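*Asks:* With the hints as constraints, model all of the structure from the sequences given.
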Amino acid sequence: MNKPMIKFVQGNEACVEGALYAGIDFYAGYPITPSTEVAELLAAKLPQKGGKFIQMEDEIASMCAIIGASLTGHKVMTATSGPGFSLKQEALGYACMAEIPCVVVNVQRGGPSTGNPTHVSQGDVNQARWGTHGDHSIIALTASNHQDVFAMTVDAFNLAETYRTPVILLLDEAVGHMREKLVVPEKGAIPLVDRLRTDVGKGVDYHPYLPREDGRLPMSDFGGDHRYNVTGLFHDMWGFPSNNPTVVNGLLHHLVDKIENNIQAITRYKEHFLDGAEYVLVSYGSSARSAIHLAKNRRARGERIGVLELQSLWPFPEALIRDRCRGAKAVVVVEMNMGQVMRHVKAAVDDPERVFLANRIDGKLITPTDIKKLLRVIQGMGV
Amino acid sequence: MARLKLKEHAINREWCKGCGICIHFCPKQVLELDSMEKVVAARPEDCICCKLCELRCPDLAIEVLTDQDEKNE
Amino acid sequence: MSVKDYLRERYFPHMWCPGCGHGTVLNSLLRAVEALGLNKNDIVMTSGIGCSARISGYVDFHSLHTIHGRALTFATGVKFSKPELKLLVPMGDGDALAIGGNHFIHAARRNIDMTAIVMNNRIYGMTGGQFSPLSGLGKKATTAPYLTIDNDFDVVELSRAAGASFVARTTTYHALEAVDLLKRAIDHKGFSVVEILSQCPTHFGRKNKEGDAVNMLELYKANTAKIGSKALKENPALLARGIFVDENRPEYCEEYEKIIQRATGGKK
Numbered sequence: 001m002n003k004p005m006i007k008f009v010q011g012n013e014a015c016v017e018g019a020l021y022a023g024i025d026f027y028a029g030y031p032i033t034p035s036t037e038v039a040e041l042l043a044a045k046l047p048q049k050g051g052k053f054i055q056m057e058d059e060i061a062s063m064c065a066i067i068g069a070s071l072t073g074h075k076v077m078t079a080t081s082g083p084g085f086s087l088k089q090e091a092l093g094y095a096c097m098a099e100i101p102c103v104v105v106n107v108q109r110g111g112p113s114t115g116n117p118t119h120v121s122q123g124d125v126n127q128a129r130w131g132t133h134g135d136h137s138i139i140a141l142t143a144s145n146h147q148d149v150f151a152m153t154v155d156a157f158n159l160a161e162t163y164r165t166p167v168i169l170l171l172d173e174a175v176g177h178m179r180e181k182l183v184v185p186e187k188g189a190i191p192l193v194d195r196l197r198t199d200v201g202k203g204v205d206y207h208p209y210l211p212r213e214d215g216r217l218p219m220s221d222f223g224g225d226h227r228y229n230v231t232g233l234f235h236d237m238w239g240f241p242s243n244n245p246t247v248v249n250g251l252l253h254h255l256v257d258k259i260e261n262n263i264q265a266i267t268r269y270k271e272h273f274l275d276g277a278e279y280v281l282v283s284y285g286s287s288a289r290s291a292i293h294l295a296k297n298r299r300a301r302g303e304r305i306g307v308l309e310l311q312s313l314w315p316f317p318e319a320l321i322r323d324r325c326r327g328a329k330a331v332v333v334v335e336m337n338m339g340q341v342m343r344h345v346k347a348a349v350d351d352p353e354r355v356f357l358a359n360r361i362d363g364k365l366i367t368p369t370d371i372k373k374l375l376r377v378i379q380g381m382g383v
Numbered sequence: 001m002a003r004l005k006l007k008e009h010a011i012n013r014e015w016c017k018g019c020g021i022c023i024h025f026c027p028k029q030v031l032e033l034d035s036m037e038k039v040v041a042a043r044p045e046d047c048i049c050c051k052l053c054e055l056r057c058p059d060l061a062i063e064v065l066t067d068q069d070e071k072n073e
Numbered sequence: 001m002s003v004k005d006y007l008r009e010r011y012f013p014h015m016w017c018p019g020c021g022h023g024t025v026l027n028s029l030l031r032a033v034e035a036l037g038l039n040k041n042d043i044v045m046t047s048g049i050g051c052s053a054r055i056s057g058y059v060d061f062h063s064l065h066t067i068h069g070r071a072l073t074f075a076t077g078v079k080f081s082k083p084e085l086k087l088l089v090p091m092g093d094g095d096a097l098a099i100g101g102n103h104f105i106h107a108a109r110r111n112i113d114m115t116a117i118v119m120n121n122r123i124y125g126m127t128g129g130q131f132s133p134l135s136g137l138g139k140k141a142t143t144a145p146y147l148t149i150d151n152d153f154d155v156v157e158l159s160r161a162a163g164a165s166f167v168a169r170t171t172t173y174h175a176l177e178a179v180d181l182l183k184r185a186i187d188h189k190g191f192s193v194v195e196i197l198s199q200c201p202t203h204f205g206r207k208n209k210e211g212d213a214v215n216m217l218e219l220y221k222a223n224t225a226k227i228g229s230k231a232l233k234e235n236p237a238l239l240a241r242g243i244f245v246d247e248n249r250p251e252y253c254e255e256y257e258k259i260i261q262r263a264t265g266g267k268k
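Chains as they are written, first to last, in this note's numbering: chain A, 1 to 383; chain B, 1 to 73; chain C, 1 to 268.
In short, the hints are calculated from the structure, not lab data.
Calculated cross-link-like contacts (lysine to aspartate or glutamate; reagent style EDC-like; alpha-carbon spacing at most 20 Å):
#1 C/K4 / A/D205
#2 C/K183 / C/D42
#3 A/K202 / C/D42
#4 C/K40 / A/D221
#5 A/K202 / C/D60
#6 C/K221 / C/E210
#7 B/K7 / B/D46
#8 A/K202 / A/D225
#9 C/K40 / C/E9
#10 C/K4 / B/E14
#11 C/K4 / A/D225
#12 C/K258 / C/E84
Label pairs and their in silico Cβ distance ranges:
#13 C/L238 / A/P112: 48 to 54 Å
#14 A/R197 / C/A237: 55 to 61 Å
#15 C/K267 / A/E303: 56 to 62 Å
#16 C/E257 / A/N297: 53 to 59 Å
#17 A/N243 / C/N215: 32 to 38 Å
#18 B/E14 / C/G128: 24 to 30 Å
#19 B/K51 / C/N215: 21 to 27 Å
#20 B/A42 / C/A237: 35 to 41 Å
#21 C/T142 / A/V204: 46 to 52 Å
#22 B/I48 / C/K4: 22 to 28 Å
#23 C/D5 / A/D257: 34 to 40 Å
#24 C/A237 / B/A10: 40 to 46 Å
#25 C/K4 / A/D194: 33 to 39 Å
Source: prediction; values computed, not measured. Positions of the beta carbon are idealized from the N, C-alpha and C atoms, including for glycine.
*Replies:* Here it is as structure tokens:
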């Protein structure tokens, strides 16, 4: 499309629009509430552009199938929710180790276990970071409204290609199922990152796991001139298994450094009324909507409350948080879990004693009133 | 089809693990293990070039080279 | 081309034990690929985890050594996204039918064009000799010190029931037959399964008093017979070898092309 298109959609559909805009051409998935609409919409839309949709036999198979399809040079995605995200972890770790670009959407619902399938939660934040075994880094993005869901989905594809890594998009049930306006920008309005392919010619030794000077690793599509090995074992620059201590040490450092050393380039956030804020609300996803609503109303009454809305949760934007929370009388982390981001905020700020949690974990969206009640306590105005 | 004539048994001593499959199933008892437990062609003159040793070798360590092969190359 | 042209020679000698049948499966598979005259760039081999899975490192194809039990799902992603590629998926018995059993039946059900090779040594070798779903009753393993009480799958019947359109069985003793069956399986359009009985002298053979590799091959020779043979008719207790299913059925990637035609109104 060559001009902006206005739609009234669910968040899951905004995600699909973002994926199509980014150039998705392969999706594998398994039905699970509250993410199923992503699969349903792509089942209809992908073949219309010659892309492929496949419903696999389970969550694990879906994750593995997108990895396989990424290796043939395609932009790939799968979507799931808590239980499915748990099942995908081993294959997700494989994608980290083998450095395969892919996007994994987790529309969060209440957990643990089957939990609260049709209700909102943000309980998978730490799982997105630490769900797999072993050390590695990962990128996780999130969004509080449909325009941002669209933008973050495009970003997720871009970052996956840039850093040769899986990128997790942490949405939640409220954002996923709510309907609101989405403007799909015209083609070219948001830059896209395409697969970086090697320029090493046929017959010349190609090293799929040898980073360039800028840290990026050009790929070669399966089916192309370069036949190389991909494995989940520690491997040398040809992708062949190795347990040489130097190789193991080097690869693990590379997997962490390629992301942690680029934290500034990866970090995404928004500031709402932060100028001179005495009370800083740190929030993300649908929780941020209530935080922003409260801050907007209080600002109108002259109270100095602002919101730091995180749009990337991993790598954790520690320096940003430390900076924006400096000098605040109190920092309130607004989230729908038992304080998963709050703990990291405490670790980031100069004065962890001033960090508080405004949360809700009963499957209901946290409201401005919920936050207001906590603020009253902090401000010494009673319960 | 011309009858195959043996040129040599090309045995990769680095790859051979001395399992003895080729020796046991050779219809003409051409092969033997040497003192290093590697296969050698002890009686190449008896070889009928059936290539079963080559086909079954789990180490891909033996190749029966024949004149026929050379012409094909 | 000779067989060696399909190998990554720098990684030899391979890591399998002396007398391990998996090397013979590799040997047969390369001969089948050579006989078909396939281009190395057109072949993708995906494997899972275990002794069997290491096969993908040794071949000079595009190779994808994945996670335990999931080789067919990665292969599905590769094939479905680029149907012109030839997919070879060697798996161990535990890999294919225990942890990967669900993927196995579903890949068969879809009839997606790839060749699954079950390298059946009836044991988990890499972890030191535990029983597998193909060990069968009354076998000794490190996790069955008092003998197994687990029934085994019949790979041929399971594949047939799940919808595989080509199903064959042979052994590492019958190497020429293995080459021929693999050739036909790779050439087959649809999901093809070749079960190859492959000796594990280190674990299965030793624990079950089947002797060394040579002796285990003698047992394959004595205990199996070709479908339709006189030997099988006279002694139905023998394990049948040969082609059990060979049918032309709609293939998954081709069927999806029709979906694309429908979705685009024939414009694609």
